[in-house]
Amino acid sequence: MSSAVFFSRRQVDIVRIVWMLVALVLAAMTVFPLLWMLMISFKAQAEVFQPVLLPKAPSLKNFIYVLTEVPFVRYLFNSFVVSAAITIIALWFHTMAGYALARLRFPGREAIFLAIFSTFLVSLPVIIVPLFILVRAMGMLDSYAGLIVPAIFNAFGIFLLRQYYLSLPRELEEAAIIDGASYWRIYWSVILPLSRPIVASLAILFFLANWNSFLWPLTVTSNQDLWVVQVGIASFRSQYASSWQYIMAASTIVAAPMLLIFIVFQKQIMESIKTSGLK
Amino acid sequence: MPASHASISTAAATSDPPIAARRAGLTNRQREVLAGYLFIAPDFIGLFVFVGIPMVLALTMGFFDVNGFGQFNFVGLANYQKMLGDTVFWQCLRVTLLYMVLLVPSLYVSGLGLALLVQRSNRFNTVMRSIFFAPQMVSLVVIGLVWQLLSADKVGVLSRGLAALGITGVSLLGSPGFALYTTLLVTVWFLMGFYMLIFIGGLQDIPREYYEAAEIDGAGRVQSFWHITLPLLRPTSFFVLLISLVASVAGSQAFDLIYVMTKGGPANSTSVLIFYVYQQAFQYSAFGYAAAMASIVVVILMLATAVLFLMTRGGRFNYE
Amino acid sequence: MSNDTNMPRGWNRRDILRGSAALGAAGLAGLPLIGNAYAQAKTLNFWNFYAPDSEQPKAQQDWWTKMAADWNAKSETKVELDYLVDYMQGNKLSTSFASGQGPDLFLISPGDFLRYYNGGALLDLTPFIDADVQKDFPDAVMGTRKVDGKIYGVPMEVEPMAFYYSVKAFEDAGLNENDVPKTWDELLELGKKLTTADRYGLLFQTDAGYYQNFTWYPFMWQGGGEFQGADGKSAFNSPATVAALKLWKDAIDSGAAPRQVNAGGFDMVANLGAGYCAIQNCGIWGIAAMKQNAPDTPFGMFKLPIPTGGKYVTVGGGWAFVANAKGKDPDTAGKFIAWALASKEQDSVQRVVDWCTVAKSDMPPRQSAIEAGKAAYGQGELKFFADEVYPGARGEPRLPPEAYKIISDAIQAAQLGGIEPEKAAEDASKQLDAFLATYKGAPML
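Protein chains in written order, with the working numbering: chain A, 1 to 279; chain W, 1 to 320; chain D, 1 to 445.
By construction, these hints were calculated from the structure, which means they are not laboratory data.
Cβ coordinates follow ideal geometry from the N, Cα and C atoms, glycine included.
Please note that a few of the clues may not be correct.
[Unchecked claim] Heads up, simulated PhoX-like pairs for lysine-lysine below, C-alpha to C-alpha not over 25 Å straight-line: (1) D:K58 with D:K291; (2) D:K92 with D:K326; (3) D:K146 with D:K168; (4) D:K135 with D:K344; (5) D:K440 with D:K326; (6) D:K291 with A:K56; (7) W:K82 with D:K233; (8) W:K263 with D:K423; (9) D:K135 with D:K423; (10) D:K423 with D:K74; (11) D:K146 with D:K335; (12) D:K291 with D:K168; (13) A:K56 with D:K168; (14) W:K82 with D:K423; (15) D:K92 with W:K263; (16) A:K61 with D:K168; (17) W:K82 with D:K430; (18) W:K82 with W:K263; (19) D:K150 with D:K135; (20) D:K182 with D:K311; (21) D:K344 with D:K66; (22) D:K168 with D:K192; (23) D:K58 with A:K61; (24) W:K82 with D:K440; (25) D:K233 with D:K430; (26) D:K335 with D:K150; (27) D:K146 with D:K328.
[Claimed, not checked] Okay, the calculated beta carbon distance ranges per label pair: (28) W:F48 with D:D139: 54 to 64 Å; (29) A:V31 with W:F225: 24 to 34 Å; (30) D:D179 with A:A57: 31 to 41 Å.
Kindly produce the complete structure, drawing on both the sequences and the hints.
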């Protein structure tokens, strides 16, 4: 952090303070809508749409309702199990694939990469009907398998990991190859440990994406025991009105663990800095 | 390099020599090829089954008249002809392109800007990062509603703010001229934490020594940024541009938020093509027509991606 | 890695394959037999948005579970209620039909009728319903679910549209219930008068969708406008249509009505209840909603005002029970619907009354139910709807999706898009003509 060479101590401090203020202003603007959402969680139904931030008589009624009147804990459990399973399996598959695409030479590698890349261009609304038919034909409707398996396969992680592995210096791997290590051993003992920062980031992103996923879980499950939190939250919408105060309370409950996971994983990312210790 | 029995470095002390492979008579080269296929197999097979096959099926539906109740009639290019004459389709195309052209740079700039702001590892920045990322924790239904409330005509906080600045008579989500920009703002607000995270990863890959060397040579901050940061960020930049491109045209960000906040209105001013595809398929049961338009979405993406590749010279930026 | 090392003597791969194929073919051929063996244990799935796991009011959920329980007690083939999250906006129903497996029983709104009818998904229910009972459903209610005189859906309710106003807003402006507007001009005037710095005077639905179309139609009908002329061509480009579009446009342009509504124009609590507007165009369900969730906002009601030279008409929505023509057991499904809502038995009529007066606040689709529910319809807000609003209600039109979208675009263009009503009507009419030229489905009504 040596910047003392050309700027006086005071100038550096002023600059730093200015930037901190900028960050604070941006943070305030970012958090304001979320604060609003939080406030609605404490309001009564009639107050939800009033353009006043603070609730007249704040109460935990909505939270209690959400946790007791509907099996919300079950939904949280489902979301957690599904997201965790997808994240772990996807990270495993994608690190293998990224490694293979970046480091191993085999015929058809570029063609396979291009094919994988092309799946990037397709999103769920486009393929949902054929995917539904396929999943039903495989007998995975209304099951954890139906929630987990299709969501694992997404080119985003493969692409990012390949990128990352391309930029890793080869020395450690080459040493291992010379020593006769099998490729599995190299993957497991050399590549994976080096991947910690990116895997931590991806873990957050995958978990979050699946935690907030709505369209596919809605389509593939009917049984209430299998509902994930987003489907559960949507059930608070009725024909002519939605119980927005419950929806907000539920969303607050749902967001809290995610925020926690993010804070915890941040440390992981920042601490496992240059494990590519050759730099 | 042929496998050698004599260990050279200490790191090899714990690695198993692949005896089984050598017994089977595979050369090193063959081992590598086999490993390559095996490592890529789970993802490749998975993508093929769960994305590739549905994709092909979905796109071929464009040549059929599918009434959504079991009837499939081959109609060749009729859906595409209908598309060309559909004014709503052209409107959607315009909206999609406008949205893409505005969203991609906005996400890039905000993501990079925030990342630069909070890249240093200290407690203040950890908190800031969590705040900037926080919108991602919340589901889009909730985000849609909260922003609707905030931008409610006349009485919403944002509307009152604009009135205080002297701007009245503007409906943030109800004026065709504004709705798309408001949606854009909300999308950037929602996604900037995600891109910030990716850029932080990229920024941290840049060795501190380069900056230190530059400072010693007398480079100012701006020069450092131009000549060190940006070039070394090229892989990350490419990646960000690519995924934001895909997201803005076909991703859930393009679709979910519009579905929740504006439903394509007012007057089709926020109706991106992917939204119209959804409407046609699920609200009108015109699956064949929807598939034809979905194929146009894919074509747009292919073209845009190709342009991106060309502009960054084939994305060549790897340091091997 | 030889072929035969693990196989019993005499088997080789080819034989295995052949054997499996034969077994497989036999299995597939035998499936229908197995199916028949289980025929007695079928359940019909009824997809709905009320019960059992929804957040709809308890009284509504109870009505549904009781109906299913009553049927199951007396019938071999059971009915199972399946609550669908996001029934109306979601894609579950379309996806299921598109993938070849729609539910046996489900609910549809009139706006969606043609999509399902033209797709061949709806079962003809006429054979299951007594001729007397058929007459018990007025044509204004049943007409939109009939094609060629055959019934394809049985409505469970009628939900007419009217206007609600905030009593407090009226009082603050020195008005009382005698000042409710009777003409369009009066409505606009009143809307402007009640607009303040913190509130809008008037509110119409602004989000595009079936609901917006539904609430706009009566304004066109009041001037004598129609979609289709007797010659089958579009009649949309008419002075009545232009006037109706102009009314909605003027409401916005004059500043009396907002361009954006809270949550949705159908949500009374979010708009009138929150003080966002003083007058709201909403349906009969608003009564229950306001009473339950915005008890501190007293409200009044008035029926739709008419244009000069126009005639009073309002629109009546309401969902209907339908059966899947290709379901597991269409015969029993048809019997169920007839038993539930359209039988001449007392319990059937009572069921309708209970739905419309106890579980919800709606007008019933059957004459006999109106009589049976005399007590409820003789007092309070329901009396107002029964006496003043309902007579003159025309059923929500059924249009094929393309036609619906053309009209929706016209409304949006005029109301929010700044397009002149004449041009919007003309453009829409041309597009309607182009569509009607190739349309081969059931008639629009």
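How the hints compare with the structure:
no., hint, result
1, D:K58 with D:K291, "holds (15 Å)"
2, D:K92 with D:K326, "holds (17 Å)"
3, D:K146 with D:K168, "violated (44 Å)"
4, D:K135 with D:K344, "holds (11 Å)"
5, D:K440 with D:K326, "holds (22 Å)"
6, D:K291 with A:K56, "holds (20 Å)"
7, W:K82 with D:K233, "holds (21 Å)"
8, W:K263 with D:K423, "holds (24 Å)"
9, D:K135 with D:K423, "violated (42 Å)"
10, D:K423 with D:K74, "violated (59 Å)"
11, D:K146 with D:K335, "holds (18 Å)"
12, D:K291 with D:K168, "holds (15 Å)"
13, A:K56 with D:K168, "holds (20 Å)"
14, W:K82 with D:K423, "holds (23 Å)"
15, D:K92 with W:K263, "holds (18 Å)"
16, A:K61 with D:K168, "violated (29 Å)"
17, W:K82 with D:K430, "holds (16 Å)"
18, W:K82 with W:K263, "holds (23 Å)"
19, D:K150 with D:K135, "holds (13 Å)"
20, D:K182 with D:K311, "holds (11 Å)"
21, D:K344 with D:K66, "holds (19 Å)"
22, D:K168 with D:K192, "holds (16 Å)"
23, D:K58 with A:K61, "holds (18 Å)"
24, W:K82 with D:K440, "holds (17 Å)"
25, D:K233 with D:K430, "holds (10 Å)"
26, D:K335 with D:K150, "holds (16 Å)"
27, D:K146 with D:K328, "holds (23 Å)"
28, W:F48 with D:D139: 54 to 64 Å, "holds (56 Å)"
29, A:V31 with W:F225: 24 to 34 Å, "holds (28 Å)"
30, D:D179 with A:A57: 31 to 41 Å, "holds (35 Å)"
The structure is inconsistent with the numbered hints 3, 9, 10, 16, although it conforms to all the rest.
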